[in-house]
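Model the placement of chain P on the given structure of chain A, informed by the hints.
Number of protein chains: 2
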Amino acid sequence: MTAESLAETKHRRDDAGDRAPAVPRRPAGPVALDGHEATVILERTRASVDPELRAAIDSLPGSMRRIALYHFGWERADGTPSAGNAGKAIRPALVLTAATALGGPVAAGAAVRAAAAVELVHNFTLLHDDVMDRDTTRRHRPTAWTVFGDADAILAGDALQALALGWLAQDPHPAAPAAAARLAACVVELCAGQHADTALERRRPGEVRLDEVLTMAEAKTGALLGCACALGALYAGAGEEDVEALDAFGRQAGLAFQLIDDVIGIWGDPHRTGKPAGADLAARKKSLPVVAALTSGTPAAAELAELYEAPYDKEDVARTALAVERAGGRDWAQDEAADRMARAMDELSRAVPDPEAAGGLLALAEFVTRRTG
Amino acid sequence: MTAESLAETKHRRDDAGDRAPAVPRRPAGPVALDGHEATVILERTRASVDPELRAAIDSLPGSMRRIALYHFGWERADGTPSAGNAGKAIRPALVLTAATALGGPVAAGAAVRAAAAVELVHNFTLLHDDVMDRDTTRRHRPTAWTVFGDADAILAGDALQALALGWLAQDPHPAAPAAAARLAACVVELCAGQHADTALERRRPGEVRLDEVLTMAEAKTGALLGCACALGALYAGAGEEDVEALDAFGRQAGLAFQLIDDVIGIWGDPHRTGKPAGADLAARKKSLPVVAALTSGTPAAAELAELYEAPYDKEDVARTALAVERAGGRDWAQDEAADRMARAMDELSRAVPDPEAAGGLLALAEFVTRRTG
Numbered sequence: 001m002t003a004e005s006l007a008e009t010k011h012r013r014d015d016a017g018d019r020a021p022a023v024p025r026r027p028a029g030p031v032a033l034d035g036h037e038a039t040v041i042l043e044r045t046r047a048s049v050d051p052e053l054r055a056a057i058d059s060l061p062g063s064m065r066r067i068a069l070y071h072f073g074w075e076r077a078d079g080t081p082s083a084g085n086a087g088k089a090i091r092p093a094l095v096l097t098a099a100t101a102l103g104g105p106v107a108a109g110a111a112v113r114a115a116a117a118v119e120l121v122h123n124f125t126l127l128h129d130d131v132m133d134r135d136t137t138r139r140h141r142p143t144a145w146t147v148f149g150d151a152d153a154i155l156a157g158d159a160l161q162a163l164a165l166g167w168l169a170q171d172p173h174p175a176a177p178a179a180a181a182r183l184a185a186c187v188v189e190l191c192a193g194q195h196a197d198t199a200l201e202r203r204r205p206g207e208v209r210l211d212e213v214l215t216m217a218e219a220k221t222g223a224l225l226g227c228a229c230a231l232g233a234l235y236a237g238a239g240e241e242d243v244e245a246l247d248a249f250g251r252q253a254g255l256a257f258q259l260i261d262d263v264i265g266i267w268g269d270p271h272r273t274g275k276p277a278g279a280d281l282a283a284r285k286k287s288l289p290v291v292a293a294l295t296s297g298t299p300a301a302a303e304l305a306e307l308y309e310a311p312y313d314k315e316d317v318a319r320t321a322l323a324v325e326r327a328g329g330r331d332w333a334q335d336e337a338a339d340r341m342a343r344a345m346d347e348l349s350r351a352v353p354d355p356e357a358a359g360g361l362l363a364l365a366e367f368v369t370r371r372t373g
Numbered sequence: 001m002t003a004e005s006l007a008e009t010k011h012r013r014d015d016a017g018d019r020a021p022a023v024p025r026r027p028a029g030p031v032a033l034d035g036h037e038a039t040v041i042l043e044r045t046r047a048s049v050d051p052e053l054r055a056a057i058d059s060l061p062g063s064m065r066r067i068a069l070y071h072f073g074w075e076r077a078d079g080t081p082s083a084g085n086a087g088k089a090i091r092p093a094l095v096l097t098a099a100t101a102l103g104g105p106v107a108a109g110a111a112v113r114a115a116a117a118v119e120l121v122h123n124f125t126l127l128h129d130d131v132m133d134r135d136t137t138r139r140h141r142p143t144a145w146t147v148f149g150d151a152d153a154i155l156a157g158d159a160l161q162a163l164a165l166g167w168l169a170q171d172p173h174p175a176a177p178a179a180a181a182r183l184a185a186c187v188v189e190l191c192a193g194q195h196a197d198t199a200l201e202r203r204r205p206g207e208v209r210l211d212e213v214l215t216m217a218e219a220k221t222g223a224l225l226g227c228a229c230a231l232g233a234l235y236a237g238a239g240e241e242d243v244e245a246l247d248a249f250g251r252q253a254g255l256a257f258q259l260i261d262d263v264i265g266i267w268g269d270p271h272r273t274g275k276p277a278g279a280d281l282a283a284r285k286k287s288l289p290v291v292a293a294l295t296s297g298t299p300a301a302a303e304l305a306e307l308y309e310a311p312y313d314k315e316d317v318a319r320t321a322l323a324v325e326r327a328g329g330r331d332w333a334q335d336e337a338a339d340r341m342a343r344a345m346d347e348l349s350r351a352v353p354d355p356e357a358a359g360g361l362l363a364l365a366e367f368v369t370r371r372t373g
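Order-wise, the sequence lines are chains A and P.
For the first sequence, the UniProt record's numbering gives the first residue as 1, with consecutive numbering after it.
For the second sequence, the UniProt record's numbering gives the first residue as 1, with consecutive numbering after it.
Next up, chain A with everything else stripped away, as it sits in the complex (with noise of 0.2 Å):
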């Protein structure tokens, strides 16, 4: 899996190595941009949001209230309730801050209801990776199929998409069938995300292009964060230019994140990233840093290509690492990070053209891609 939960790994990794941020500081102007401002959205975010969420879960009947609960960390296994830990709220933060750069506060105020749908979504989709993909840990805690078994977790999964489809088509707004439309569609494009990610995993490293792994990394990492600045965008009644540049916001942030995230699976500080070295690499990950360097037809990439073919040797880490950089796979990653978030800044201030407006989207932008916060 190469997306990762946006929420847990801002808790792993809070340093993208040694070098300089990828993404430039925007000018100084009249919106302080320091990962406070971000810190502040996400906290009024979760006490907005978490109720419509437990509500929503609370009506789950208990054998998949159980899993979700827990899933959410509001629960633990035994079902005793916990402070929770259920990641940083990234995605409705952005349909709350959308709506709220386009519509003002009742916007937000009334998509409060959209936010949560996406964040269900989005831990639907956390629930099924798990299993599809054995990972044991999620939010530092053992993932729901290793404590329920993987027929309960690919249930309570089905159960949050339909909870979170279903909870925007009671919402009377106008703008909910077209956003529950939305939503759906995402989810497909989630879908098809993860399966070429597996697909490309099991590739032979020479076989994987450049271009379907940044289309992979749109669908599984930019979809959903594109749809939450466009929910958002609807639910503020914005016209549909509007809202399509909102998308697209979204999904350039939500590339430059993926960037910057596989960078520091690379080169990332294990004492900040909570993983050994060189993880990403040990694991063999087609990480968009490595598919640059082995498409770069330097002496670097075959070097790249020959050592992603062999058998895994820790003595081998360090000089993998050192073809990528030498391939340019480093460079080229921080380059395009910085050129996705430039994308992205460009549309959001189309749409979104006052920059006092624009200084949360932006704010949540910079604090996802930077990890400054």
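Be a bit skeptical, because a hint or two may be false.
Identical copies look the same in the list; a pair holds intra-copy or inter-copy alike.
Under the rule of at most 25 Å between Cα atoms (straight-line distance), these lysine to any residue pairs were calculated in the SDA-like manner [to be verified]:
1) K314 to S48
2) K285 to S63
3) K275 to P61
4) K285 to T273
5) K285 to A151
6) K314 to T137
7) K285 to E244
8) K285 to R139
9) K314 to R134
10) K285 to G62
11) K314 to P105
No lab work stands behind these hints: they were computed from the structure.
Given the structure is predicted, the values throughout are model-derived calculations rather than measurements.
Frame of chain A; chain P shown alone:
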């Protein structure tokens, strides 16, 4: 797995054994209720719903479309077109026939998208249930997970659920939001039913109560039949009472079906079911007649419990079937099926007092419970 695809089961099991049918024929009326009427309805349903279904599936990205087309029998595993065997379309037929009963052909015409959505949901649950239950055959072909792997079958199921609810959300019909909310709630109930089924199968024979198995069967089999009828009523503009009555009609007919299906699973003619005699007993299934027998407090119940606890022995199948029968499991199931069918008729006549208008739904209910078609 206790519940079966009604459609598929119809192929394998056409006989309830040498007994008289559990469900008495309806008194003669103005509408002919032989299997012919149901067959005509089902054929007409396929003709109107298939194009909608194909359009929905064609809107999927290639990777997901391929798995869906295979699952529906419209493509072979190698991607070449196939004549298709997508099942008998009982659920979409219930949607359209309920809409006709309460709103005439115009309502039925408007409900085609809802009918397709119900069929998509049904097939999403089949894809996932087959993964969880490790079932290798569906509609006489290898199940999708045996061809594409677990992950792809899970993803294709996820995509079909999204397609179903998203397809409804895009329907401009005024009933669409209520229909989507109802279908989503039904998905949650189906998940809880599948969970209960696997949980019950893991428990010891003496620890399962009859009311638990009835509740499970209602959630797993009855809920979607009821939802299909309710959606038809919603699209006919029916009031809440009629919608609920049609939901109850479908649920009770679904339970009657399950009871008869369970009887056939024990005493059905292997030449007609295509399965060895007593297949459900050999698999130690806690089907409805078995649990009725186990909880009967008779000496035969004790014998049955002992046989069910022991490792499978082919020689014991006939003795086990006899124990279920002597403990009253067979009679109970037949009586209960007749009772459920009577309740179904009762609910139907409340919402649709005109026997002519109710004829189609009656024909479908008899078709699935009598298997004379």
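Where does the structure disagree with the numbered hints, that is, which hint numbers, in rising order? Result: hints 1, 3, 7 and 11 break, sorted rising.
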